[in-house]
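Chains as they are written, first to last, in the working numbering: chain A, 1 to 323; chain B, 1001 to 1409; chain C, 2001 to 2257; chain D, 3001 to 3291.
The set of hints was computed from the structure by calculation and includes no laboratory data. Because the structure is a prediction, the values reported are computed rather than measured. Glycine included, every Cβ here is placed at the ideal spot set by N, Cα and C. Careful, some of the hints might be misleading.
[Said to hold, decoys possible] With a Cα cut of at most 20 Å, we get these calculated DMTMM-like pairs of lysine to aspartate or glutamate:
{"id": "1", "chain 1": "A", "residue 1": "Lys146", "chain 2": "B", "residue 2": "Glu1164"}
{"id": "2", "chain 1": "B", "residue 1": "Lys1143", "chain 2": "A", "residue 2": "Glu155"}
{"id": "3", "chain 1": "C", "residue 1": "Lys2144", "chain 2": "A", "residue 2": "Glu310"}
{"id": "4", "chain 1": "C", "residue 1": "Lys2144", "chain 2": "A", "residue 2": "Glu155"}
[What the hints assert, rightly or not] Covered stretches of chain B (chain A as the covering partner; in silico rule of three or more C-beta atoms under 8 Å from a C-beta of chain A):
{"id": "5", "segment": "1107 to 1115"}
{"id": "6", "segment": "1196 to 1208"}
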Amino acid sequence: MKNKKKSSIIVLLTALAVFALAPLGMGNYMLRVLNVALITYLCVLSVYVLLGMCGQNSFAQAGLWGVGAYMAANLVLRAGFPPVIALFAATAGTALFAFVLGFAFFRLRQYYFTFASVGLMTILNGLFMNWEPVTGGALGMQNIPKFSVFGIMLESEKANFYFILIICVLTFVVMRILFYSSIGRSFMAIRDNEIAANCMGVNSLLTKSIAFGISGALCGIAGALYAFLSGYLSYQTFTYQQSTMYLIMIMLGGTISPVGAIIGTMIISLLQEFVRPLANYMQLIYGAGIMILMVVQPEGILGGGKALYETLHKRKRTGPDAA
Amino acid sequence: MKKAFVLFLSSMVSLSLAACGASSSGNAPVMEDTKTTSSAAAADNTGSTTSEEPIRIGLATVLTGERAMEGEYASNAAKIITEEINSSGGILGRPIEIVIEDGLGTDVGAVNAYRKLADDSSIVAIVGSDNSNDNIAIANEAKQAQILSTAQGSSPTLRDICNENPWLFQLRACEETMIDALIGYAVEELGYTKFALIHDTETNSSDQARLFTMALEKRGIKPLATVSFTTGTKDFTSHITKMQQVQPEAIIGACLFNEAAIIAEQIRAFGMTDMPIFGSNAWADPVTIGLGGEALNGVCSAAAWVPNTTNEKGAAFSQKYQELYGHECAKAAAQIYDHVSIICEAITIAGNTDRAAIRDAMNQITDYHGAITIYDCSTNGDCGRGGLVVRIENEVAVVLQEIYSEKDK
Amino acid sequence: MKHYINEKEPVLTLHNVVKRFGGVTAADHVSFELYGGEVFGLIGPNGSGKTTLINLITGIYSADEGNIMLGGKKVTKLSTHTRSKLGIIRSFQHPRLLGRCDIETNILVGVDLAVRRRLPQARDYQERMNILLETAGLSGVNLKDSTERLSYGQQKMLEIVRAMLSYPKVLLLDEPAAGLNRSEMNYIRALISMATNEGIAVLLIEHAMDLVMEVCNRITVLNFGKQITTGLPSEVQENTAVIEAYLGGGGQLAANQ
Amino acid sequence: MGQIMQLFVSGLSTGVVYGLIAMGMVLIFRAVGVMNFAQGEFLMFGGYLCYTFNQLLGWNIMISLILASVGMGVVGVLFMRAAYWPLRKAQARAIIVSAMGASMVFKEGSRLIWGSIPVKVDRVLEAPVKLAGGGIIQGQYLAIMIVAAILMLFVYLLLEKTFVGHVMQATAQDQYMASMVGVPVIFSIAMTFALSAMITGIGGGLLAPLFFLNNTMGATAGAKAFAAIVIGGFGSVQGAVLGGLIVGLVEVFGGAYISTTYQLVLIYIVLIIVLMVRPQGIFSSKIQEKA
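Work out the full structure, taking the sequences as your base and the hints as a guide.
In structure tokens, the structure reads:
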């Protein structure tokens, strides 16, 4: 058992190393694609926490992403805070925002909550577009400075890549810890059987709100990172469609582990860039691809892989026994 | 078990990254495909001009998604201009080729498309999309990548951004002069003093609404009512009743094509058949007229372009477009035509395809007669110098006034 | 092993509890007390309101009338999770485990509850877990396996183990023996006696009469939500009203005996 | 007073439109228990089919509408077979995702076929009609009201009075039980998808002269139909229609008296309030949760 764990850590580290070395010799374009994919990964991870762990499906994640982004941009541009503080404040602020809303929304069960989240998403997008004093209206907010800490400014795309990568790795680790913690278990208890969870002392409303708060924190970080990376925010980015993309990503990757979020995000983000040369047919192929993948692999790539592994493993294990 | 996932993951990541690496090096087969889609016309003609490597110009537009219409016009126009230039000998003895990338209609997509073009060292300049948001999103990118880029947006915000950014040119008349001319016509010639303003909150339209208000204020008039709506609104009853309440003499509209047509139809349906309407440039666009039909008759608009333009170059292009594609040529197409021609002009002046040289040459263009208007690029913003005040009669936009102004330097 | 521990204070008291669903009265003025260390049987024909009563005690349903007291504290209006944090823990007729998690996670949910209850012994669960798994006949399973790999009986057993790990004051077992084979029944017996030895008050709903008669100290019989009688197993067995109810309701008592 | 009347009339007429789309959505929701995330695309596709017959082939608008509706029936069955049927045993969200993929295919496919420049089709009734109580209603809206009323009656009669309807109802109640008593589940679900697509398709054709057709028209209309279902109570056809009317009225009166900019936001605020107060929707009885 221990051995297995050790080897899987080694493999994970190797994967990380490959990833970390990847940008060498990569152009600005591909780096930006990767950077946005990493930021998207944080949002998809937030869907993992809510949907994968806690069983609650939200379509408001892109809205929370926007809340984080506009919050960070406002703190830096209007209030003059240094980016580091803005990053933390946006994370905490979005988390709090989501947590408080969770208390209202999680009085609703199952898909009623999902419906309310669609409403929240639409309302937030409407605010991003029209609340001029705060979000700059449709024109958006420009000239957000790059992230800087201790006087070091992350000017280049590559520097940003490593910075975002580090944050992604950290959040991944935090999610693993969460997964094995008592909070994580109460999430999963609610997902698998809410009534049984209540009977084992899990407070549904509070626990779901915490899950929503954590997902808000992830979206908040992602939002702040996006604001610093792109330097420009507008309502076009934080849309309901974007939220649906997150769901597509997590479902294609698989909801059973945060690794599914990585797989889903990378596949969808990179698939979009790979089908780029098809120009006019790009979105058609892309949509068809999503549909086919889902039909072929309803449990996501990770779920399908797990099932495949288990059948192979069982065969291997029962084989010699039977003989 | 976890090991399997992780192995799978790592192999996937390395695989995809390998592929990314390949595509980012710039000469991957991926690029070849783009060529075939965007420069079919070029391929036909290269034989007649020269066998030299083509000069490649990027075009970041929107091919798919909600704003795909822009891309349809843009790629059609790109084919015409490529063919035109190549059949007349090309630029610097080399044919041109337009490489199209899809910005998806989102900020992220616009930046990705732009960067993909800018990263390709064989591309000498980039034509930007017809949307101020996209243009603003790429403003800093242009500075970083140091490649001549053009913006099609007409907002004054964009003008200011361009004036600060040596690499970004607003090859379009800033809406300010045009809207001022339209309001001047309405107030001074037609004598209206009571206006109600309806506008979309989307970037261009809200900018236009601001300009309308400013132009009115200049003449000592305040709009009696200002109502706004979001793109995609289909029922304007509440907006129209709000405007009706203040009993305006004329209605000013700043919005996009679909909404312009719907607003016009509903204003007419509610009995205001003779209400004069003054609209932003989208109101006189062939797309809007095609949708709104006779409801648009009598609408005056500050347009950059009408298909039956008096401009010689423009008329020829408009006719060619109509023949080739079977629908009227809209502003979105004419703009691409001008942008590419001006870039080619800059390349000719520069005498080589060095990105910096082309940029410097750009500022030397001070009196270029394009299909839409005359361009003065001595400063980066507000390069288009003219526009039209048009009135729609019998579902055709008729030019009332041609506006032309010198650039203040 | 019938040791009737008559403590002064009951652990759980139901006083005239009423629950109506539309026109049906599923619990009609039910009253009884549960003492620490005793096994209290709740029997009755199908649809007599036994599970409803457990749902009322755990707070899944709220009582229309009457009071439920835990120790000296009134819990009638409290939410399910608060009641479980006070020590009212149940098992389900059909096991409700965390179906997509491994066995260990399921067990740890019980430990989590103990931690949430701020019990000092909560964190040293390893030893108790091993004892419980052995008592339940689960010592052979791989804790990393998914619960789907367990048999139906094992799942039920795991649910009781999970409940026991949270050190309940009152343990409500909803038909633990249904669907179990003979050897698995023995594990149930062992688990129940372990609970009573720890002074836990056990409420047992069961159709397997031999088990009920064997382990219960007292029994109450429900029919159409009404308590027909409450008493020692021997008394209940001879009560004519009870026999009538069972015969009327399909003669289950007779069939089981 | 005249103005309020006008607002009321406009609210009702757009409301009927939302109700019509919502009705199609509810039929599928009842049958398979999952919201169809490609319903807006049915609307768009139906509109384009109608455009093809009416504008490209030059046929009469009524004939075009009927043909478009029949065409949409086929599309509905194909959609069900490709995007829903293989996933019927999977989690609901897998079905949602595959429908989202399908909706992209619809949108982009239509763009490739019909282009991206918005178009329109002929109106059924041309002239605006002045109502007795004050207020004007556009002829086309009147036509939509009439068609919607006919369709609602048709759906009611089909579901309640015919054998096919009973089969569809039975399947909607419990697929497993239905299959046990010999109802061909795939047939019944295919019928439901076809019916839903046909209704929505006619809606698309009727809306095309008012909203104009482009490949993304489904999204806006779909968003409001969705609100209609949630507000009215999903699961019941009547609820969807009434919900549509409420959305229409909230839109118009909210626009007139609160804010025109935030019309859509207002609708969704109402949606959230309704969810908070009465999650099952205004006109729906509570769906008993399984304990």
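Practice prompt. Hints the structure violates: just list their numbers, smallest first.
Written response: Hint 4 alone not satisfied by this model.
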